[in-house]
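Protein chains in written order, with this note's numbering: chain A, 531 to 775; chain B, 531 to 775; chain C, 531 to 775; chain D, 531 to 775.
There may be inaccurate statements among the hints.
You can't tell identical chains apart in this list, so a pair holds if it fits in one copy or across any two.
[Claimed, not checked] List time: in silico DSS-like cross-link candidates among lysine-lysine, alpha-carbon distance up to 30 Å: (1) Lys-570 to Lys-736; (2) Lys-772 to Lys-682; (3) Lys-682 to Lys-736.
Because the hints were derived from the structure by calculation, they are not lab data.
Protein chains: 4
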Amino acid sequence: MDAKAVVVGVGPENGLGAGLCRRFASEGRFVIVAGRTPEKIERVADSIVSSGGSAIPVVTDVTLEADVIRLFDIAMEADSDSAPADLIAYNAGNNQPLDFRTMEADIFESFWRLNCFGGFLIGREAARRFAPLGRGTVLFSGATGALRGVPKFAHFAASKAGLRMVAQCMAREFGPLGIHVAHVIIDGGIDGERVHTRFAEAVAAKGHDGLLNIDAISDAFWMLHSQHRSAWTHELDLRPFKESF
Amino acid sequence: MDAKAVVVGVGPENGLGAGLCRRFASEGRFVIVAGRTPEKIERVADSIVSSGGSAIPVVTDVTLEADVIRLFDIAMEADSDSAPADLIAYNAGNNQPLDFRTMEADIFESFWRLNCFGGFLIGREAARRFAPLGRGTVLFSGATGALRGVPKFAHFAASKAGLRMVAQCMAREFGPLGIHVAHVIIDGGIDGERVHTRFAEAVAAKGHDGLLNIDAISDAFWMLHSQHRSAWTHELDLRPFKESF
Amino acid sequence: MDAKAVVVGVGPENGLGAGLCRRFASEGRFVIVAGRTPEKIERVADSIVSSGGSAIPVVTDVTLEADVIRLFDIAMEADSDSAPADLIAYNAGNNQPLDFRTMEADIFESFWRLNCFGGFLIGREAARRFAPLGRGTVLFSGATGALRGVPKFAHFAASKAGLRMVAQCMAREFGPLGIHVAHVIIDGGIDGERVHTRFAEAVAAKGHDGLLNIDAISDAFWMLHSQHRSAWTHELDLRPFKESF
Amino acid sequence: MDAKAVVVGVGPENGLGAGLCRRFASEGRFVIVAGRTPEKIERVADSIVSSGGSAIPVVTDVTLEADVIRLFDIAMEADSDSAPADLIAYNAGNNQPLDFRTMEADIFESFWRLNCFGGFLIGREAARRFAPLGRGTVLFSGATGALRGVPKFAHFAASKAGLRMVAQCMAREFGPLGIHVAHVIIDGGIDGERVHTRFAEAVAAKGHDGLLNIDAISDAFWMLHSQHRSAWTHELDLRPFKESF
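Based on the provided sequences and hints, a complete structural model is requested.
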């Protein structure tokens, strides 16, 4: 009986969250599809079920402690057809260039809340639930901004650097307890709906394979979960071959 | 006529904030002593004045936007005896080891609010005021936790890493506009009241010069402000000679 | 018809080099087993052949330019049963704690020659051969010492940091030309002959899965070669779950 | 009686090495001017002496162990007018963009020999001589290339990253013994002869204060030597205010 897998931050069907759900389902997992918008996560869960997989949507605002606790209550149940979750991917987040001097204080805060605080809530709850079992994988979608702050991205870099530290502290504390915590630095545009809608010209300029393919990213997430515990990866970067860095 | 200098996060007389105030005053600056506790900042300002320097206390909660704006309104005034500020040091912050799994969500948030969000508010306001003048120095007290997250310090590392990114984004954007932004990584215990009160045994174990001398840290802050603009430092570490790292 | 794969720095049968050879062979590759000691590489090649795979030993001193060129001459041949190589792993290297003050100059140099210069020769030759074809993977075995220098390891850290920079410069230049260059930070003891012979006590202290399993490391190398070019990894760490870092 | 100070890698009078010599002399030090070209170091020493300072030239090839030992034999003498050296700056080095694929192996090696191996020889000798005395400062001129490898600079980045690790290992081992080891990341063009001769157009494009002023860099070196041992800096960057990074 396979364990459940949870993906947090699922939005449109062609986004990374949905891709992770499909990938985990294709490996036989019962997938908890967590996101803010009921219609979106229902569509993702439905499409998995209609392809023969198992999935349920769970409406979750990751910035609300109660929602996160409830999500884990569901994820850690032992059903007749799936065992308690041993894999969770934190893929919630937001990004957008903003002028530093005119940025409103509550905008700066809102980026932190989604990009960092939600990751803390999920990470802490995962640690609480997984540590007594001595197993589990916690994967965070990170960004280059976590390592390097550039103009127009102070709100983004500050929040993603915070998330990275949450992941790093967790890895050092909970690795020896059997929990695999990894931080995936996604460096480039993701080939999903958002980028095509918002940045059509930039996408064209990138050329073939110039955006990160969602299945390729999902391969990396699954690979991390599958690693032998004698050779775990804590951090890796993913980047289109032609992306300058 | 000397420009004003602002120190944010001033507490007890033998803390780093007070030390920075004294140092800036000894260089002839009119010092704005900003902190949350009226009695503490009054004592620091009084002691500067009674030594022949110039200083006023300004009660400031750096996590409140209105307080930060008001602080700069005062700092940027051109008085009969001092020019608008061209130097601000952000020294507010908190640190304490905390267990990850039992940490309350609002504790995690409160560390971010003081260690990172306050730094954003101060940094943004400094950028707004200094950029039109094409000059000014903004110094942030940072920590090794900003670079490396270890067990019991996720709340601290996440917030300090965020502050570091605010500083880095500012440096890249505002350096070319004439604003010097620097991040000082203080790696070790500071030889002030707090450490002696709370960690007397650890202090004894460190031995002579095993804690960072406050005047020595203040030297580094003043040196950063004094650097020629053709050779500015953005980041440096400060560490007792016997501190392991 | 599969392409050849080259492993440089192959020694004992239970070392990492031999493990990489076996793994590449198991994926159907004709493996070029390169190392300094004829008996050792012959044994590795023989064992692959006797298991139904394809492999030949090529005696190579990676610190000699002529040897490296000759190795690639062989690797890039199109035989009746295998295409020119599109995968090379640089696994040559040495490590040993040494006192800084009493270290002989030629010892410092010899570590550089094997850990860094050989990597340059291999990397440069790979770039020369792969770039015109617009494809190929170059993998370097790296170490934490490349990122952090600690007492007794100046010779090691200096040479491994150099190797890391060779890999990084190559990735930035040749990635857009279709060559995947990756640097694998192996952080911990490898579960091979050497560690058991030399450090038996330390091994026992590490406990079960406290050393990096060679098949697990080889999984990571093969995974890197298999990545879709829209989501390449340049750097990742591998570490036993209980290893402190 | 002041201690001697040594500057290694002194060339033209308007280069950084000469600037460091002048600065140390202006602080009252008897300066050992070390470099490869007799005429150049004689001119630097003469100009210091004619300005009322004390200096002697010592012809030194830092890549030759015997030269380095002889240099320290001279530097550690207690003369009637100066005490044994307690300060040494390693400023030897070379840089130049080179194509990776056509770079000769001996060119790659020669960059390592000057940028890294010479630093090891100087650092090791300094450790040998300073450690028994429990004091001394060792400063290394570093570069951004030590942290980040970009196309055309593999030879430079690999050697400078190696030098950085030598400095870091030394700091961790010898700091607690009273030796201050620091690595100065010079990020930008230095306003000396070489850059004006070779890159006149680029210099013009940088504009006023767009190159690092040599006196400003020298300030940083002297400041490092002057730091109180309770707050030593191991690494700092220096960069023109308008330099993009």
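Okay, the hints, checked on the actual structure:
Proximity of Lys-570 to Lys-736 under the C-alpha cut-off of 30 Å is restricted to the intra-copy arrangement: shortest distance 28 Å within a copy versus 47 Å between copies. In the homo-oligomer, the alpha carbons of Lys-772 and Lys-682 lie at most 30 Å apart both inside one protomer (23 Å) and across protomers (17 Å), since each shortest distance falls under that limit. Proximity of Lys-682 to Lys-736 under the C-alpha cut-off of 30 Å is found in both arrangements, the shortest distances being 21 Å within a copy and 23 Å between copies.
Of the numbered hints given earlier, the model fails none.
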